[in-house]
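Asker: Sequence lines, in order, name chains R and S. For the first sequence, the positions run 3 to 396 when our numbering is used. For the second sequence, the positions run 36 to 344 when our numbering is used.
FYI, nobody ran anything at the bench for these hints, they're computed from the structure. As the structure is a computational prediction, the values presented were derived from the model and not from experiment. Watch out, some of these pointers could steer you wrong.
Unchecked claim - Under 7 Å between C-beta atoms, here's a sample of chain S residues computed to sit facing chain R: (1) Pro75; (2) Val87; (3) Thr90; (4) Ser100; (5) His103; (6) Asn108; (7) Ala111; (8) Thr112; (9) Ser114; (10) Gly115; (11) Tyr120; (12) Gly154.
Glycine included, every Cβ here is placed at the ideal spot set by N, Cα and C.
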Amino acid sequence: MARKAITGNGAIALALKQVEPDVMAAYPITPQTEIAQNYAQFVADGAVKTEYIAVESEHSAMSAAIGSCAAGARTITATSSQGFALMWEMLFIAASLRLPLTMPVITRALSGPINIHCDHSDSMGGRDCGWIQLYGEDAQEGYDNAIQAFRIAEHMEVRLPVMTMIDGFIISGAIGPVETLEDADVKKFVGEYTALNPLLNVENPVTVGAFDSLGGWYFEHKVAQNRAMDNAMKVIEEVGKDFGSLSGREYSHFKTHMIEDAEIVLVAIGSAAGNVKTMVDTLRGEGKKVGMLKVRTFRPFPYKQIRQALSNACVIGVMDRSDSYGAQGGPLFTEISAAMFAGETRPKMFNFIYGLGGRDIFPDDIRGAVETLEQAAAGEAVSQTRHYLNVREG
Amino acid sequence: MAKPKEIANRPERLTGGHRLCAGCGAPINVRQVMSVCPGPAVVSVATGCLEVSTTIYPYTAWRDSMIHSAFENAGATISGVETAYRSLKKQGKIKEDMYFVAFGGDGGTYDIGLQSLSGAVERGHNFVYVCYDNGAYMNTGFQRSSATPCGAWTTTSPVGKEAAGKQQNRKDLTAILVAHDIPYAATASPHNFKDLMNKAEKAFTTPGPAFLNVISPCPRGWRTPGDQTIALAKEAVQSCYWPLYEVENGKYKINYKPKGDKKTPVADWMKKQGRFAHLFKPGNEALLEDIQEYIDRKWEELLKKEECL
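Start from the sequences and build out the full structure, keeping to the hints where you can.
Answerer: Structure follows, in structure tokens:
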């Protein structure tokens, strides 16, 4: 193990290099580009056996990745924002073909207006495309998730693609400390890849992507896909434990901070979890019973475990880095609300949307959110459910 | 190339029992192309008639491995398959020599799949792309594509008081592929099976990307009897609507040159197809002349290209 000062993108590119998949298909897009170019350099240097396809678009990146993975090769790509949006059609197809692709997503706002900075509009917009979604808080988690993604995707009870998110620029471009594993340990952890019914099998030719319309098995195929998501719930935890044995950093679906006796809990996802945690510590110092839950697994959504973890909270503030137009709140808010609805007691739920297009979030913004939650906890009326932090109103 | 009789006795690689229409040009073209594929192949097919009719789950008409994922990406998909092959072969995980071929209709090739095809050939993947050009989106019920000939009726280039079918000439896709400087590009027609199979064999055995543009009459969309497919393909070639030529490393060769009366008026070919019926009503003479002029100009251009390049 080594401790390195490295960008989020650099850490992820290193993780991919250590796994050394058979094929990478990638297209440059800010802020993901560093991964595509670092990996191209590894290939040019002969440091990896990987064949690299410098495709002409993200639609082709995902299409080529699908072709390669269906052919029988361990295959990766990476993207952000508009690239993610351009892949959209193919994301659903990759999942429905049960291809164990893995893809780091360096989250960025979606146009328009065009904006290159961080929010979760891209990955959250793709939350129902059938991919497993793991969100990381920092470069370390980006590195760790990128490695675990292979084990999860390739597990025979799952066989679904996995995307691992880190926040664009805030994490992807910032240099931070990352504990890296030895190449051999990473290779041993992910294991040899076994393709299922590959195209490249002369003895047993297969048809992939058949027409499955009226009178076919479409419905059954979709249900099977969702059962695989159910299976992933357990597999993600198993892989997270194994990774803990290897690295000392164990992973589960989410992490909590001071929630046991907390009346007020903030739920966060991505890099802002660090800011929230710091504010929770500050507020605890002021004697306030505040805690935090940081979500890692968004698909499959660990609603039962989260409901259990939040069962003592009176008021919950969910922080979303993307909005959902015309909905009751952002994607994380609606998921948490739905999870809590089935509980015996229902906490008061509020949504704080922040950071769209890379807008900063300051400690006082989080403090302000907690003040709103305190009003609700004290029984005072709070006029709205959805709040925007650090936005210029009027 | 082996003798056609020997080729005809080879095992079918696209089996019967698929659901393509009687008289459809697509399976004829696919069978001719696949009959000369020198080894096991992986086939990528764009969404379209060929794809939906040959892979109705849980059945498949393909004896080689086949992948379909979407409409606009047959080129990108096969480039991924071919790259996986190179990677696994390099690692000693695959022993056999395998071949890679993509099939797309004109909608999936001239229009929505053009970028994906352009990218795949520019990157130099070792594969063959075959466009079966029936001149419209036939699978969705006859909508115009950029391959639809001028004057043709389709449901999105309809005939009415203000319009006599499609107003524009066809996109010259083969020229676009030639402009990519790929090692081999050719046009072909199923009526001249020796020529088509010869070109397919060249395409398979030429290292790097190869492109075949094959005319593929569609009885439903062309409004023609199902037993006229081969005759219509032949007349398309004789009229120079669909010249047969190949471009090998930049060198043009025209494979069939109708001389004198053998070059038939394009109107004779059009008259046999319901999609052009409106053009033979009084008042459309000028448009018919324009269409003939365009065919002649493109033919002259091709003759000059052969001479100069």
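Asker: Run the structure past the numbered hints and jot down the numbers of the failing ones, going up.
Answerer: none
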